[in-house]
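These protein sequences, in sequence, are chains U and Y. Using our numbering, you'd call the opening residue of the first sequence number 1 and step up by one each time. Using our numbering, you'd call the opening residue of the second sequence number 1 and step up by one each time.
A portion of the hints provided could be inaccurate.
[Unchecked claim] Below 27 Å or equal to it, Euclidean Cα-Cα: the simulated DSS-like pairs (lysine-lysine) are:
{"no.": "1", "chain 1": "U", "residue 1": "Lys-226", "chain 2": "U", "residue 2": "Lys-63"}
{"no.": "2", "chain 1": "Y", "residue 1": "Lys-175", "chain 2": "Y", "residue 2": "Lys-126"}
{"no.": "3", "chain 1": "U", "residue 1": "Lys-281", "chain 2": "Y", "residue 2": "Lys-252"}
{"no.": "4", "chain 1": "Y", "residue 1": "Lys-138", "chain 2": "Y", "residue 2": "Lys-126"}
{"no.": "5", "chain 1": "U", "residue 1": "Lys-281", "chain 2": "Y", "residue 2": "Lys-148"}
{"no.": "6", "chain 1": "Y", "residue 1": "Lys-89", "chain 2": "U", "residue 2": "Lys-102"}
{"no.": "7", "chain 1": "Y", "residue 1": "Lys-148", "chain 2": "Y", "residue 2": "Lys-138"}
{"no.": "8", "chain 1": "U", "residue 1": "Lys-63", "chain 2": "U", "residue 2": "Lys-18"}
{"no.": "9", "chain 1": "Y", "residue 1": "Lys-89", "chain 2": "Y", "residue 2": "Lys-129"}
Calculated from the structure, these hints are not laboratory results.
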Amino acid sequence: MTSTERAIAPDAADEAIKAVPLRHPGRWVGAAIVLLLLALFVYGAATNGNYHWDTYRSYLFDKRISTGAWNTLQLTFWAMVLGVVLGVVIAVMRLTPNPVLKAAAWGYLWVFRGTPVYVQLVFWGLFPSLYPHLNFGLPFVHQFAHANIQHVSAFFLFAALGLGLNESAYMAEIVRAGITSVPEGQTEAATALGMPWGLTMRRIVLPQAMRVIIPPTGNEVISMLKTTSLVTAVPYSLDLYGQQADISGVLFRPVPLLLVASTWYLAITSLLMIGQYFLEKRFARGATRHLTARQLRAAARAEVGFQSERGAR
Amino acid sequence: MTAPATTGPMVLADRVGKSFGSLRVLNGITLEVARGEVLAIVGPSGSGKSTFLRCINHLEQVNSGRLYVDGVLVGYAEKGDRLHELHPKLAARQRREIGMVFQHFNLFGHMTALENVTEAPIRVNKRRKDDAVEAARKLLDRVGLADKERSYPAQLSGGQQQRVAIARALAMEPKLMLFDEPTSALDPELVGEVLDVMRQLAVDGMTMIVVTHEMGFAREVCDQLVFMDAGVVVESGRPADVLSNPQRERTKAFLSKVL
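Required output: the full structure, derived from the provided sequences and hints.
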């Protein structure tokens, strides 16, 4: 049979093509090398006594460690809350036509993004020696409350404040990018429908800005979780990193305890990543032309209804 | 302030002027649109058609002259012999009764077709959700999109999006509808479906101002046609008269290119 006869064989075009797959020996070799190196590393780590795996095991679920992890989570939470709220305020300030507000917001960003967070945390630790007495009231007129913060153990507060104020500078830029990413036509259409500015922001602009804001904010949360380890600068030592340092200081075994802390950081980060995935999905509504599962179900139902209607006739 | 009239013209423009910085876009527009009338505004790009339309619902602020909708001054409050800029809340209230349809649809991207239509009635007019949804379904049916209520704008064709946008504007039960080149961004074969909806709206007695390049639509549906150039009304009259027998050189030159 010649090739021409083959080509015009009647049902050749309808058949699915069954070709011999191309072999990829390079991929197999590469995978083997990586797996071998990984196995060697695991074997080496498991048999190396200096890792002190027994210490790792006995402290992995130690009460002080889990309390430290809880404190780290709280620090992360409050610092991010402060960072997001202040960040939105600063972003809106930068977008107002008022030149003084604009300049103030710019100056804030300049200072808090331009200095290391570690330095800022040390400053917060020194806050009580800079301002030993806090007075609440009208400046130069009347003070109705006094606080002597040198006697207050406020290191958690200072740590959260320091991290949060630093974070707000970064969040402000993320929020601003999100708001400016929403086309002007959206605001215009809402305005033309008689929606006031606040409602337009809340219902139309911010939900769509979220699609741009959420992914980098997720990164900021994960990054914040790890940045909390810098609060020893305040000094606040009841967080995860501080707690493991306390224990290892007594045991003289830093490696297993660093592994314990790393395990916890990794576990929490993994949970946060799952949360981020669902948040992103929630705010991606309407962003693609693909039908959602709900729409597909509705379409299927409509189709079935249509057919049964026709069948009845 | 003039009390809302029930018999006077729906829109009354008296030497309306608008500048952006030193650029004078509207140079004294005077015209009148009666209740139930459909006005077509045609003219070359940059002639100020869209700006005039945007002045009517105060998306742009008028700089000189007076503009009245249903007997009420737009964008300002007249106290004694001085004009005061209108508080944004009051301006928003004025806009509720004026529907607007944009060239690029501007549907809310994160909402389904149905949510697009119910959003303003629920949030602005404080209608009950069930009522708003029921009314929205009727409107979507009226523009021929009853089966698309769960679709997001990105899943609809341009013509479908523009019809949802018309339903969204109608949901506020406006007394006046503004159309800013509603078919200019559409594929030629989708233009008809949008014009059909607008034609039906005109038949139902809606007062409409349509900025358009669709001369066939203007001739067939509109009661009055205004030709604008360089921020002034060059010529106006019945569409058939202006289109077939233009009096001014500028109008002749423009029409010879588009007809």
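Verification of the supplied hints:
no., hint, result
1, Lys-226/U / Lys-63/U, "holds (20 Å)"
2, Lys-175/Y / Lys-126/Y, "holds (19 Å)"
3, Lys-281/U / Lys-252/Y, "violated (56 Å)"
4, Lys-138/Y / Lys-126/Y, "holds (19 Å)"
5, Lys-281/U / Lys-148/Y, "holds (22 Å)"
6, Lys-89/Y / Lys-102/U, "holds (25 Å)"
7, Lys-148/Y / Lys-138/Y, "holds (12 Å)"
8, Lys-63/U / Lys-18/U, "violated (61 Å)"
9, Lys-89/Y / Lys-129/Y, "holds (23 Å)"
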